[in-house]
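Asks: Now for the letters of each chain:
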Amino acid sequence: MKKLARLFALVLAMMMILSCSALAEDTSLADIKARGRLVLGLDAAFPPMGFMNDDGDIVGYDIDLAKEVCTRMGVELVCQPIEWSAKDMELSSGNIDCIWNGMTATEERQQTYSCSINYLQNAQVLVVLADSNITTLADLSGKTIALQSGSAAAEAVAANEEFSASLAGAPVEYGDYAMALMDLDNKGVDAVAMDVIVANYYITAKNANYRVLEEQLAPEFYAIGFRKADVTLTEEVNKLLKEMAADGTIAKISTQWFGSDISIVPAQ
Amino acid sequence: MQYLNDPERLMKLLTQLTHGFGTTLSIFAMTLIISLPLGMIVALGRMSRHKLISAPVSFYILIMRGTPLMLQLFAVYFFLPRLIGPIPRLNAVYIAFGLNYAAYFAEIYRGGIMSIPPGQYEAAQVLGFTRSQTFMRIILPQTVKRVLLPVSNEVITLVKDTSLATAIAVSEMFLTAKNMTSSSGSVEPLFIAGVFYLLMNAVVTAFFNFLTNRFNYYHD
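Here the protein sequences come in this chain order: A and B.
Counting with our numbering, you get residues 1 to 268 for the letters of the first sequence.
Counting with our numbering, you get residues 1001 to 1220 for the letters of the second sequence.
I should point out that these hints are in silico values taken from the structure, not numbers from a laboratory.
Wrong hints could be hidden among the right ones.
To be verified - With beta-carbon atoms standing in for the labels, derived distance ranges:
(1) B:Q1002 x A:K187: 53 to 63 Å
(2) B:Q1133 x A:R35: 55 to 65 Å
(3) B:M1070 x A:A154: 12 to 22 Å
(4) A:R35 x B:R1137: 27 to 37 Å
(5) A:S92 x B:Y1121: 52 to 62 Å
(6) A:I134 x B:F1059: 14 to 24 Å
(7) B:S1026 x A:E173: 42 to 52 Å
(8) B:Q1133 x A:G94: 26 to 36 Å
(9) B:S1026 x A:G94: 42 to 52 Å
What the hints assert, rightly or not - Far from chain B, by Cβ distances over 12 Å, these chain A residues were calculated:
(10) G41
(11) D43
(12) N53
(13) D54
(14) D64
(15) K87
(16) N95
(17) Q110
(18) A123
(19) R211
(20) E243
(21) D261
Note that beta-carbon positions come from the ideal geometry of N, C-alpha and C, so glycine has one too.
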């Protein structure tokens, strides 16, 4: 009985601590600085934003940006690969401090996370084989498409009811783009819905035999997702990104990955 | 072909996969270290005559065998920390795999123990063996040889199940191969990873063949 009472007291105490921390003021930025490191969560299968190179190192546009932000913040950057569909759990359980991986700032995600300023323009597009005769969204009527599960492309397809109703069935969902594109190669599907940034990377850097449809599903932006309560951290990262835009650092990183400066971070 | 016709790139890939394979091996070994003995305790609990013991143990087995291992991984990694504080990724995998496989091993052990004819218990009683002596000296040794083949099935499955650890992003071999596939747009890394699993299972199979021969006495 005594043990039970003790257990009960412990549970109560824990609940109090948890509720207190929810009410306490936002110390996210101070916490990161005290800890001396920022843990960046990414799906390491998303070139050119964040991916694993031949040597097993995690590289990419987002990683270079984050490294520079961390240097200016005086902390170390730790890249933690995560499973994309488990990103919310990783963030809320505190295993990672932010999702910084070509994350589309959808309306839903802006509700769930504390989002940074938009730093890159992206669009959800459809990719077909280069020799395919499909040129418009209407041409895909009665055809099948593939996409990454839990992706912004999945949301964009679902949001465009007219388009999704015209398809032969529900989209085929893969865990990552490489698989979806392989299905396209094999003509298992007629098109893949994905981010134009990633599609262009595969087409130019990998010499892949694809074509992007000019008609887009949805224009959108990339942003960094922090925990909803971590506002001071979000603001600090925003400030540093603007500084980096002003002194030309971002332009340099963008040219290195995309061949030109496509960043949309304002200098002020 | 991006890797097989480029020796330098292939070597880099093999280095990365071998690195991941170390994690795969440690998941494999730790799961067996936890689940093989734990399975015995669970099997004995399941066979207990006391309802207070056997009922909860049955429920444990039902949960472990009745829900996806991937879900159990999520539960251990994302929800257990709310009660006991943070758990490193790899430890969460050890716990989830260990608990899951213990349930399967328990039922295999139970099957083995129950397959021993009741006549042997009666004979042991007549000879004046105590209950624990009967179990340790007569029943258990015979059980070992009977459960060997079903256990080998589970162990081979475990080799391949280690790839489920990707669900909580443990960088074992399969995740490395998947990431390499994404960055290169070629399936070769996945197939080469497949060769690693195959070789490992060839070793496991050979080991169990050796054990089966070793225990191949007293045909009944």
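Asks: Work down the list of hints and note, for each, if the structure agrees.
Replies: Consistency of the hints with the structure:
| no. | hint | verdict |
| --- | --- | --- |
| 1 | B:Q1002 x A:K187: 53 to 63 Å | 21 Å, violated |
| 2 | B:Q1133 x A:R35: 55 to 65 Å | 58 Å, holds |
| 3 | B:M1070 x A:A154: 12 to 22 Å | 20 Å, holds |
| 4 | A:R35 x B:R1137: 27 to 37 Å | 57 Å, violated |
| 5 | A:S92 x B:Y1121: 52 to 62 Å | 54 Å, holds |
| 6 | A:I134 x B:F1059: 14 to 24 Å | 54 Å, violated |
| 7 | B:S1026 x A:E173: 42 to 52 Å | 32 Å, violated |
| 8 | B:Q1133 x A:G94: 26 to 36 Å | 53 Å, violated |
| 9 | B:S1026 x A:G94: 42 to 52 Å | 25 Å, violated |
| 10 | G41 | 9 Å, violated |
| 11 | D43 | 9 Å, violated |
| 12 | N53 | 7 Å, violated |
| 13 | D54 | 5 Å, violated |
| 14 | D64 | 16 Å, holds |
| 15 | K87 | 10 Å, violated |
| 16 | N95 | 8 Å, violated |
| 17 | Q110 | 23 Å, holds |
| 18 | A123 | 20 Å, holds |
| 19 | R211 | 16 Å, holds |
| 20 | E243 | 30 Å, holds |
| 21 | D261 | 24 Å, holds |
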